[in-house]
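Novice: Listed below are the residues making up each chain.
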Amino acid sequence: MVIAIASGKGGTGKTTMAVNVAVTVTRQGRPVQLLDCDVEEPNAHLFLDPRFDEVEEVTVTGPRVDLQRCDGCGECARRCEFGAIVALGGEISVFPELCHSCGGCALACPQRAITEEPRTIGTLEQARVGELAFARGVLNVGEARAVPLIAALKNRADGDALVLLDAPPGTGCPMMAAVRDCHFVCLVTEPTPFGLHDLTMAVDAVRTLHLPLGVVINRADLGDEEVRRFCQQQQIPILMELPCDRRIAEVCSRGRLIVDELPEYQEAFRDLAERIVQEAGRAPAPGGAAPAGLRDRIVEQLRHEA
Amino acid sequence: MKQMTVISGKGGTGKTSLTASFAALAHNAIVADCDVDAPDLALVLAPRVEKQSPFVGGKVARVDAGRCTGCGLCVESCRFEATALHGPPGDAAEHTCAVDPHSCEGCGVCVQLCPVEACRLEPTVTGEWFISQTRFSPLVHAQLGVGQDNSGKLVSCVRQEARALAEREERDLVLCDGPPGIGCPVIASLSGVDLLLIVVEPTVSALHDFERVADLARHFQIPALVCINKHDLNETVAAEIEKRADRLGVERAGRIPYDEAVVGAQLHRRTVVEHTNGPLSAAIRNIWQRIEQRLDLASEHRAP
Amino acid sequence: MKIGVAAMGESLDADVSDQFARCPFFLIVDSQSMGFESFANPAAAMPGGAGPAAVQEIVNRGARVAVAGRLGPKAEQALQAAGLRFVAASGRIRDAVAACGA
Numbered sequence: 225m226v227i228a229i230a231s232g233k234g235g236t237g238k239t240t241m242a243v244n245v246a247v248t249v250t251r252q253g254r255p256v257q258l259l260d261c262d263v264e265e266p267n268a269h270l271f272l273d274p275r276f277d278e279v280e281e282v283t284v285t286g287p288r289v290d291l292q293r294c295d296g297c298g299e300c301a302r303r304c305e306f307g308a309i310v311a312l313g314g315e316i317s318v319f320p321e322l323c324h325s326c327g328g329c330a331l332a333c334p335q336r337a338i339t340e341e342p343r344t345i346g347t348l349e350q351a352r353v354g355e356l357a358f359a360r361g362v363l364n365v366g367e368a369r370a371v372p373l374i375a376a377l378k379n380r381a382d383g384d385a386l387v388l389l390d391a392p393p394g395t396g397c398p399m400m401a402a403v404r405d406c407h408f409v410c411l412v413t414e415p416t417p418f419g420l421h422d423l424t425m426a427v428d429a430v431r432t433l434h435l436p437l438g439v440v441i442n443r444a445d446l447g448d449e450e451v452r453r454f455c456q457q458q459q460i461p462i463l464m465e466l467p468c469d470r471r472i473a474e475v476c477s478r479g480r481l482i483v484d485e486l487p488e489y490q491e492a493f494r495d496l497a498e499r500i501v502q503e504a505g506r507a508p509a510p511g512g513a514a515p516a517g518l519r520d521r522i523v524e525q526l527r528h529e530a
Numbered sequence: 004m005k006q007m008t009v010i011s012g013k014g015g016t017g018k019t020s021l022t023a024s025f026a027a028l029a030h031n032a033i034v035a036d037c038d039v040d041a042p043d044l045a046l047v048l049a050p051r052v053e054k055q056s057p058f059v060g061g062k063v064a065r066v067d068a069g070r071c072t073g074c075g076l077c078v079e080s081c082r083f084e085a086t087a088l089h090g091p092p093g094d095a096a097e098h099t100c101a102v103d104p105h106s107c108e109g110c111g112v113c114v115q116l117c118p119v120e121a122c123r124l125e126p127t128v129t130g131e132w133f134i135s136q137t138r139f140s141p142l143v144h145a146q147l148g149v150g151q152d153n154s155g156k157l158v159s160c161v162r163q164e165a166r167a168l169a170e171r172e173e174r175d176l177v178l179c180d181g182p183p184g185i186g187c188p189v190i191a192s193l194s195g196v197d198l199l200l201i202v203v204e205p206t207v208s209a210l211h212d213f214e215r216v217a218d219l220a221r222h223f224q225i226p227a228l229v230c231i232n233k234h235d236l237n238e239t240v241a242a243e244i245e246k247r248a249d250r251l252g253v254e255r256a257g258r259i260p261y262d263e264a265v266v267g268a269q270l271h272r273r274t275v276v277e278h279t280n281g282p283l284s285a286a287i288r289n290i291w292q293r294i295e296q297r298l299d300l301a302s303e304h305r306a307p
Numbered sequence: 202m203k204i205g206v207a208a209m210g211e212s213l214d215a216d217v218s219d220q221f222a223r224c225p226f227f228l229i230v231d232s233q234s235m236g237f238e239s240f241a242n243p244a245a246a247m248p249g250g251a252g253p254a255a256v257q258e259i260v261n262r263g264a265r266v267a268v269a270g271r272l273g274p275k276a277e278q279a280l281q282a283a284g285l286r287f288v289a290a291s292g293r294i295r296d297a298v299a300a301c302g303a
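Chains as they are written, first to last, in this note's numbering: chain A, 225 to 530; chain B, 4 to 307; chain C, 202 to 303.
Hints may contain errors.
Said to hold, decoys possible - Below, a sample of chain C positions facing chain A; criterion: calculated Cβ distance under 8 Å:
id	residue
1	Pro243
2	Met247
3	Gly249
4	Ala251
5	Ala254
6	Val256
7	Val260
8	Lys275
9	Ala283
As the list claims (entries may be wrong) - Partner residues aside, some chain C positions facing chain A, computed with beta carbon under 10 Å:
id	residue
10	Ala244
11	Pro248
12	Gly252
13	Ala255
14	Gln257
15	Asn261
16	Gly263
17	Gln278
18	Ala279
19	Ala282
20	Leu285
Source of the hints: derived by calculation from the structure; they are not laboratory data.
Backbone N, C-alpha and C fix where the C-beta goes; we use that ideal spot for every residue, glycine too.
Just chain A, same shape as in the assembly:
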């Protein structure tokens, strides 16, 4: 079972939840695997102090131009939609980080001068932290595309364990790639206008993937009732509420686990783990009336203008 822990934006406490739940379940004697899918800015390791024993390079394909065969016609540059291959005065130049590995340039070249070769975009690293299996992806600085690395990391998911996936923040391509095909998504939010706004977008995003979801409210006693009201209207279960305890912020700022330094919260995390597994085991939530997504609104407007 793969559970994604995500949020509409960064800083809500996603990684905090993921690591504390992972450690809690591990200590209950169940096999758990934590995947840090925030490959652009991985942070989970700061709480776990892992020793990475398996480091593997992840590659994607990129174009290689055989200069003997190339006649500088520039057809490859004309075809590339991403600007990854350009013709600068008859000389072909490749910008590998922009390449989407579609194969279009190789296909287009009349001289068959382009082949595809592997190129490293980042690494996959694995470690055991006590009984907890931990894996993360680290994207090389400058690489524009996190998705292939996230996909490679997800392939390492251990089918026999409870897999907790710390998703990248936001609602863009990397988050969607991480969250798709999971069994359940746990969205972390806070009960403020910013929190609600970002939660709404995250719910929109997850609903396009038809995945069941639940919400964790962080800093729950600081804010208003709008997030709870929203969850009720949307029939989204609230799995846990963590109060705004300054000591929690302080513990996390030092990169320490809540369940270690503030044992009074151990039960809350055990209950959260329990509820996640429970909710994930149910059938997917019925469609429900999701708030009209942005795309719908734009389509509506364009239809109106047509």
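Following the hints, complete the assembly by docking chains B and C onto the known chain A.
Specialist: Positioned in the frame of chain A, the structure of chains B and C alone reads:
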């Protein structure tokens, strides 16, 4: 006219709340929300939209079912599993290909390969941008659609519109709320700015990120200031960040104490400096003063 | 010598654009005669890779120098690959071109 951007590396540091207060304190500015994935500034600035435009983010392939012969070449060659054959295999007219716009990356390989030219790349609307009025100043903002690539193109659009508006209205400053991270969208929010403010929290994750953000500033040769939000949560890490800032040539702009009034202000849809007058507000005003000094902005007018 | 200037408008009295890759227009100016051609920048419409694409546009029209406010990392790479010089400038295009020297 000067331009500045507020960035933070990781999200959730309080960057937007701070930028909102700056919007209240700034004199004769245009505000631009470059965090097009999660444009939260509008939640406290209450914009009245005056202009709304669709944003074409990229292209998506589309198959003309009328021309399609169901040969399936596009399905075989698509690396993103975005095309599929539909309809009963026996029926030539109904057995055609269709593209899933969510998975399509707009590479055009299917367009190249289609033997009957039934496939085309079409521009696709992936977001929208707005020019609005707020109680302080105009706001240029945008919203990228869910699941869309934030390539920086929409950020560039917001920047360009904000700059054009500032010139038309003879404003002194464009104040940008930047996107999180250090990739293309952030780079788009930095180009042409005179000053950067980096907002950090005193956590080990932020310490980790701070160097990368400071590197970005240095690479583009943009002067940078740093301010530590909620500094009293961890004075040790706060001090460490400031030491690193000194080493990296990033000036210390000030520190902001942890204060629940930040949430109170948000709940009332007000900026912090409108909502409260205590040490929190004073800390923010001091930072803004420093920014005005660095930018050499005329400060005869003091915001209430 | 031909100079590729990232431009806010299509005349020599328009301002140099801060941004190179996604500027609205390019002017290819002959530094001797001050004659020029101008065009809307197609790279601005690209979702990504605008830097190298913009360099392609000016290189293929004979520019040996690029002028803008600042350069992104990929545009910089592309200029290097093409062997072009970059001159940072702001203000009127006419003045920036004059300052480039022969």
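Novice: Hint compliance check: list the failing hint numbers for this structure, sorted ascending.
Specialist: 1
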